[in-house]
Structure formats: C-alpha cells, structure tokens
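As given, the protein sequences belong to chains W and S, one line each in that order. So for the first sequence, the UniProt record's numbering puts the first residue at 1; every next one is plus one. So for the second sequence, the UniProt record's numbering puts the first residue at 1; every next one is plus one.
Some hints here could point you the wrong way.
As the list claims (entries may be wrong) - Calculated cross-link-like contacts (lysine-lysine; reagent style DSS-like; alpha-carbon spacing at most 27 Å):
hint, chain 1, residue 1, chain 2, residue 2
1, W, K188, S, K209
2, S, K126, S, K158
3, W, K337, S, K247
4, W, K362, S, K126
5, W, K352, S, K216
6, W, K353, S, K255
7, W, K329, W, K142
8, W, K362, S, K216
9, W, K117, W, K310
10, S, K226, S, K262
11, W, K238, W, K50
12, S, K209, W, K171
13, W, K362, S, K122
14, S, K209, W, K362
15, S, K216, W, K353
16, W, K93, W, K319
17, W, K353, S, K258
18, W, K171, W, K362
19, W, K171, S, K258
20, S, K262, W, K171
21, W, K353, S, K209
22, W, K352, W, K337
23, S, K262, W, K362
No lab work stands behind these hints: they were computed from the structure.
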Amino acid sequence: ILSFRAVESQCEGQCAPVDSLWRRYSEFELLRNYLSVTYPHIVVPPLPEKRADFVWHKLSADNMDPDFVERRRIGLENFLLRVASHPVLCQDKIFYSFLTQEGGWKEMVNETGFQLKADSRLKALNATFRVKNPDKRFTELKHYSDELQSVISHLLRVRARVADRLYGVYKVHGNYGRVFSEWSAIEKEMGDGLQSAGHHMDVYAASIDDILEEEEHYADQLKEYLFYAEALRAVCRKHELMQYDLEMAAQDLTSKKQQCEELATGTVRTFSLKGMTSKLFGQETPEQREAKIKVLEEQIQEGEEQLKSKNLEGRDFVKSAWADIERFKEQKNHDLKEALISYAVMQISMCKKGIQVWTNAKECFSKM
Amino acid sequence: TSLGEVNAFSPSMPISPSSMINQYKFEDEPELKDLFITVDDPESHITAIETFITYRVVTKTSRGEFDSSEYEVRRRYQDFLWLKSKLEEAHPTLIIPPLPEKFIMKGMVERFNDEFIETRRKALHKFLNRIADHPTLTFNEDFKIFLTAQAWELSSHKKQGPGLLSRMGQTVRAVASSVRGGVKNRPEMFTEMNDYMETFSQKINVLDKIAHRIYKEEREYFNEMKEYGPIHTLWSASEEDIADSLKGVASCIDKCCKATEKRMAGLSENLLPILHEYVLYSEILMGVLKRRDQIQGELDSKIDALANKKTEKDLFSEEIGKLEDKVECANNALKADWDRWKQNMQYDMRSTFTNVAENNLRYYEE
Chain W
1 ILSFRAVESQ CEGQCAPVDS LWRRYSEFEL LRNYLSVTYP HIVVPPLPEK
51 RADFVWHKLS ADNMDPDFVE RRRIGLENFL LRVASHPVLC QDKIFYSFLT
101 QEGGWKEMVN ETGFQLKADS RLKALNATFR VKNPDKRFTE LKHYSDELQS
151 VISHLLRVRA RVADRLYGVY KVHGNYGRVF SEWSAIEKEM GDGLQSAGHH
201 MDVYAASIDD ILEEEEHYAD QLKEYLFYAE ALRAVCRKHE LMQYDLEMAA
251 QDLTSKKQQC EELATGTVRT FSLKGMTSKL FGQETPEQRE AKIKVLEEQI
301 QEGEEQLKSK NLEGRDFVKS AWADIERFKE QKNHDLKEAL ISYAVMQISM
351 CKKGIQVWTN AKECFSKM
Chain S
1 TSLGEVNAFS PSMPISPSSM INQYKFEDEP ELKDLFITVD DPESHITAIE
51 TFITYRVVTK TSRGEFDSSE YEVRRRYQDF LWLKSKLEEA HPTLIIPPLP
101 EKFIMKGMVE RFNDEFIETR RKALHKFLNR IADHPTLTFN EDFKIFLTAQ
151 AWELSSHKKQ GPGLLSRMGQ TVRAVASSVR GGVKNRPEMF TEMNDYMETF
201 SQKINVLDKI AHRIYKEERE YFNEMKEYGP IHTLWSASEE DIADSLKGVA
251 SCIDKCCKAT EKRMAGLSEN LLPILHEYVL YSEILMGVLK RRDQIQGELD
301 SKIDALANKK TEKDLFSEEI GKLEDKVECA NNALKADWDR WKQNMQYDMR
351 STFTNVAENN LRYYEE
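Isolated chain S (complex conformation):
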C-alpha cells in the first residue's frame, strides 16, 4: 500500500544528466553538481515479524565511477542508520549530517502517522543531498553502494566489516578519554571550537524551544479566531442597517485566519525543521570534537610511553609517526569541514530567518 504521493516538496527531477548541469548551477557552489538524489514515495511493508516503511531513492549522475547514470532503489530507515555509522567510522573527524530521529517523544502514538512520515522523508532527502554535496563524503564507497545496490546486495555488504558495536566502542572510548581529561596539548583552535559549540548548542536549543512555543501560541490564537468571525455573521442576522458592516468584519476575520494558517505552515515547514537539524548538528559536532580529542589522545599516550621506554624506540617512532600523521589529517579534515559547516550554517540561518520575516510580512500585508 502506498501511503504518500510524490508531492511538491520533492524537487522536480531533470530528465537527462547533461541537461542537469545547465539547470542546476548554484551560486554558492562553484563546482557543477553531477549527482542528484531524491527520496520519495514512502511505502509500508507488512511482514510476519514487523511493519516498516521504505522510501524510494532515485539517483541520477554523470560520474564515471558509476556504472549507470540512473538508479532507483528502496531503502528503509535502518539502512540510513547503517550508512551514517559507516561514514562516521571512515571519517571520524568529519561532520556527518544529521539523520531524523528514530522516535519522536511527544505524544506520537502511531509511528506511521502521515505527517511523521513526510517530515522524516524530507529529512532523509536532505541527509543524502548533504552527503552528496560534501567534497569528501560524496566519494565514499559505502555511500555509492547505498545509492546503487539492490536490496539483497546491500544486506550482504552490510554483513561484512566491523559492525555497529565497534563504532559504539569507538565513541565510548572517545567519551571516556575526554572524561579522563585527554584534552592536554589540544591546539587552541579546537579549544575555541569546543567553547563555541557549547554556547552554540545552548542557544540553538533555546531557539528551538522558542520557535515551538511561538508555533503553539499561534495555533491557539488561530483556534480562538476561528470562533470570532462567525459571531459577527450571527449578529448581522439580527441587524438591518449594520448587517453589511458586520458581515464585512466577519469575512475579514476569516481572511486573517487563513493568513495565520499560512504563517504557521511557514514556520513548520521552514524554521522548525532547520532549527531542529542544528540542534542535532550541535550534538554531532560535540561528538566529532571528542573523537578528534581521542585520536590525539592516542598519540599523546604513545609519546608518553616512548618517553618511558627507551628500547623499542624505532618501532615506537614509526607508530608515533603514523599517529602524528593521523592527528594532522584529522585536524585538517575537521578544520576544513568546520569552516564549511559554519558557512552553511550561516547561510541556512540567514535564509531561514529571512524566510520567517518574509512570511510575517506576507501575513501582515494580507
């Protein structure tokens, strides 16, 4: 059974790879896009054990390393989780985009509520596109497999390599080491990042709450307004002279109601999801910083060990050399990614709040 239809929010798909290159030239991305992904068409599947939703993932590309120029596969949420964990494993100090949450806390009884599915679909769509836009992640092998493999191919590929547990172990070690105070010798740049993220995380969480509160207040306002207009119409029935004026007021109030609905829709489609993403991002970034610290921690502890054991110097120095490289790579990767993230964040915030302002302008003009 198909639960949703492809709606206006999935960007229209270009017909051929070559035509895409002309169509999609983004001002903020000097490189031309050669990988287009959409996530749509949620379908529910019922088996003896469970019920789950799959989403259609359509990829169109002109890249050489892809065997074909078009792919269509179906993926479920679990598959996205897998992809994310593989990416984190492969690039511990890169900023992997957020996935929508598994469950929503507040009063969601039905997991397969239409609104929930649509919100999730949009978030998954964004997730894949952000990876595609990332200069490093876009060439990740697991990403390619995710986009192209048939269901059975993907399952068998998943079974290879270190599983979820090892990744969890990595993060646990990372957290542990930072708790142990593995932050000595941390380059200043990263301390600054840490401080920034702490404050940012705080602020973005508060903003998220405020935005939700505004939405709630607007909804309550809308509910009361719905009753307000009809009273004037009722009154006009008892009057002669002023009946028209009253009816006029009633219709104006109804228009205000509709305008309020639009304003609310603007919030829930635009501001709320973005703020939510950045709440998730702030968690992701804290994790990334911790992992970086952990990698550095490994290096530091080896250096300490070397200071104590003079004998196996050669072996150690090779190891240390490797680790130093690792740390340097990690640091550079993070720095570059950080800059990129901040730019994107700025852009997102700017456009989202501008959008809010525009919505409000439209509301008042109406």
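Excised from the complex, chain W in its bound form:
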C-alpha cells in the first residue's frame, strides 16, 4: 500500500513553471508507456488529454489557461490513484520510484529496455490481421470499445454545444439588469420593482459560470472512460496479435511437416515450383535429401516447442487479461453510474437556483 502523501507531493511539483510542467507530463507518458508494454494484459488507466478538446466558446483552448491546468492536474492525480489502487500495477518498482525518486528516474526506465519489448505492430492501429480463431469475447470487447469511444465522444461534443447555448441564454438575461435599472430611473411607482428585479436578473446571469464549471468535472469523468476505451482496445489488439502469431506459427509448422513428409516419401502432394523444377531438371541425390530432411526435422522440433509455449502464453494471457477486464467492467459501471448521478444532482441544483432567482424576480415584478 503506497502512502498517498507521496502522491500528493509529486503533484504539487506540477505547479512549477511551464518547462517543468511539460517535462512532468512527458514523464507521465513515459510511465504509462512502460506500464502498457510491461503489462499488456492489463487495462492500463489513461492519462488526461494533452490538449484541450471538446471546447466550447467560453472555455479557452489554451493549454496554459489556469482552469485547464488545474483540471489536468486533477486528471494526473487521478491517474496515479488508479494505478496505485490496481492490484497488479501498484506493485511495480518503476511506478514506485516514479513516486519516490527525484532524479535519474527517466534513465532507470530506459534501462529496463521496455521499448524493445514493445511490439511496433500494436501502434499500427489500422492494420488488420486475418485471425482465424480469435477468442469471441475479445472480438465483442473490441466492438464494445469502438462503440463506447464513438458514443462518448459524440456525447461530449453535443454537451459542449449545449453548454455554449445555455451560457448564451443566461448571459443575455444580464442585459435585462442594465435596462431595467435605466428604465426605473424614469418611473415612479414601477421604479423600485424594476430595479430590484434587474438585480435578480444579474444574479441569474452570473450563476451560469459556476454551474458550467462543475459540469466540466463531469465531462472530465466521461473523458476518462473515453480514453479507457483505447486501453481496452490495446488489450484486444494484443490478443489478436498473439493469436495471429500463434496461427502463423502453427501454419508454418504444418507446412514444414508436409515438406518433410514429401521429401521422405518422394510424393508430391502439393504443387511447388521447386518440386517441378527438380523433377524437370534432375533429381537430388539421396544424400542431399537426407540432409534436408534432417534440417526440417530439427526445425519441426523447435517449432513444436515454440508452438506449445505460444499456446501456453496465449492461454495465460487470455486468462489474466479477462480477469482484469472483469475488474475493469465493475469499476466502469460503478464510476459511470456515480458520474450520471452527480450530473443529475448538478442539474437539480441548477434548477433550484433558477427557482430561487425567478421566485424573487416574480415578487419584484408583482410589486411594480
């Protein structure tokens, strides 16, 4: 169990000048890359967005904007908490030193040589592998992660537009305040009512800022799961790749066995150019054939052992990956439900504020 104090002090280092902030973020990235490669069967928690996305007009797209920086800080803190509370990841030594070791951490990570383990094919997002027998659960999971990503990003886009419009409605009401005030100057009986109503209109217009600020936190919660979809997909890809390698290895083994058999029995079962040319242009000597068979038999031996271990690897991967996926599913359902509830609570609070303002305004109006 890691002490949370250590986590916090690291994050306080975030509030340093610009240079060090960028360096820090890149170190977070390095940490995450390391974890993704070292634990490919784990759904690794995502980092908060690098640049401001899903922006609506009041929110600045500026990465240096204090609100954005603050939200990102919270996101990074959240990332560390997620890793710290993960049963497997929290035990990792590199993670531990990320939290405790000031200097030389970067070198330490690079020394693990994890970049060599990284499969470059995982990065090629669009490459498809013709996998004949993927585990159906992973295929479904991949579909799900695609759907999740698409639906959440759509939702966030529309939410941003809705927020923009809502901002507009509230702010225009602020104009009432000014005009009412000016108008009240020429009225005798209506004056007081108008003036105080105007004040309430100003309150109404100002209230939207806090409301939307809170909503940004909700949006951030959804964003986390948007990025989690990527992590899910990465695990599925890993499975696909493993399965592909397995199938390729099996195929290779089968063809080698066939070749061996053909050489041994002299029958040509499958057409091959080599076979044809040797038939047309003279046979090999029995010694040559023996040599070939021997080589092949060795390769077949190796191949069978490799295949066995690959199979084992694959099964282990599926087992441990699926365990983490189940854990993730529960976490996701819990978190999203909480997020939706908090969103509803926010909306209710917004309406309550609205009721208060308009009740006051109504009173002022009726006294006009």
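The hints should help you fit chain S onto chain W, whose structure is shown.
Just chain S now, with coordinates in the frame of chain W:
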C-alpha cells in the same frame, strides 16, 4: 377557403348580453362592460386583382345606441387602418391603440403564413377591445359603423369625409411645426411627458431586442438538446449494467426539451407581443405629443399675429378664444389619457413580466 379555426385564444363568447354583465366584472374597471368584441376566423379571398384575408368581427352589446344586440361582419386589414386614421383625426391628442404592422421585415416570404395571420388576428382583437375600453373612443361614430356596417355600407361611408391624405397632411404639419421649434410656451407637464417618452421609447426598444435575443438563444439551446437525449439512449444499447441509468438520463433530457418548448411558447405568446405593442405605443405617443404641440402652435401663432394687427381684434379674439379652448381640451384629453395609458402600461408590464417569471418557475420545477 378557411385558413384557421377558432382556437383557444379567442375568449369564449357569452350567450346573452345580460349574462355577460355578471360574468365579466374586471377588478381594474369599475364600470361594467357592455360591449364585447371578438376577432376570429381568418379567411382568404381571391379576386382577379388581389388576394387578401378577412377576419370575422363579432360584437355583442347591450347599449341603447346600437340597433341590435349582436353583429357579425367581416373586415380586412385596410378597414382597420381606416378606422385608426379616422380616430386619430377625430381625437388628435388621444392615444389610439397600435395596429399590427403591415409587413414584417425579417424573412417573411409568404404574407399569408399561418403564424403571421394568427399573430395579426390577436393584435387586431386587442386593438378593437382597447378602443372599446377607452372612455371616449368607445362612443366614436366611426367605431360603431366599423362594428356594425355591412361591407358595402362601410365602403360608401369610407368615401365620405376627408381621406387619408388629409390626415397625413396633418401629421406632416405637426412634424414640421415641431421641427420649427413650435415648443415654446409648452406647459411643463408636456415637456416632462416628452422627456419621459424619449427615454421610455429607447428602453422599450432595447427590451424588445433583448427579449427576441433570449428567444433565439433558447431556440438554439432547444435544438442542441434535441440531439443530446438520444445519444444516451444509443449508448444504453451497448451497456448492460448502466443501461437503465442511461435511459433514465435520456428521458429526463427529453422532458427538459419539452419544458424548454413551453418556456419558449410562453415568451412568444406573452412577452414578445406586449413588448412589441409598447414599441408601437411609444411611436404613437410621440406622435400624439407632436400633434398637441401643433395645436398649441396654431394658438401661439395666432396670438403673435394679434399682437401685430390691432385692427381685426374682435375677429381674432374670437378665433383665439376658440383656439384656446381647443388647446385646453386637447391638453386635458391628453393628460387624462396619458394617466390612463400609464396605468395600463404598468399593469401590462407587471403582469407580463410576472408571467415570464412564472413560466420560468414552471420550467425549473419541471
């Protein structure tokens, strides 16, 4: 072809004149109403030359000077214009209620769009009722003819008397005289009124713009919200555990959409038309003040002339006497009407904004 049907916005008509008196006792009008008018049933008429809309005007009254107790006639917009100009002619310093505009500037391609007709119908209904409620205008002869005459009777009556041109001439003279600075000797009360109207006119125009802007923003908000709910439903299709929560959110958002629609409807039925009327009213009032100034101007110039010509003193003093009476009448009429107008305006503003507040409360409660 009948374009619209009598909808819920025309007040229900009482059956007999006597029963009306018991039904319609308004708190703010101590006198009992004895004249009830509705404007409804727009119909379009197509002739070789033009297409136009007529509205049915139904009058029920218990007044003695009316030959019958019920009348039903059809009138077109032109007829309303005529009535207004006759009233202005007869009572230059009374505040004649506004008529809906001839055309709407913004992007109305079809003049006979249903919404336009309905808005106009409501405004015409209000126009006639305001005249009926006015202590002086309600007894105007042209008003009576407007309510009771058959189409051909009205046309022939229209042809008599000074036409539109003379009224325009009057207003032109009024404007000219005020430009000439015919405002000396203006009683303080009317200067105050003028100042007030200038500011009021400014403010009401701004309010009108603000209200329209709010409506527009709410409409845009509504458009985006329409898309927002269904996304949650779509999402729920991929989920198991949280599917119900998502569907719940989706349905709540849809309810918010409906509530927003109601709020918008409240604005467009209530606040927007009233603000618009008072924009028109502010123009009307400026005109009334100018006409008053002009009448006074006539008096003043005659007095000046008298100071120069000693001979025809008697003749002049009679004229002056008449003019002085005229000015006094005009002033009194205006003052009384002004007070009345302000009271009504206050009432209208109060109730309309209270209504807006109530609508918003309802919206948030939903």
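### Hints the structure fails to honour
none
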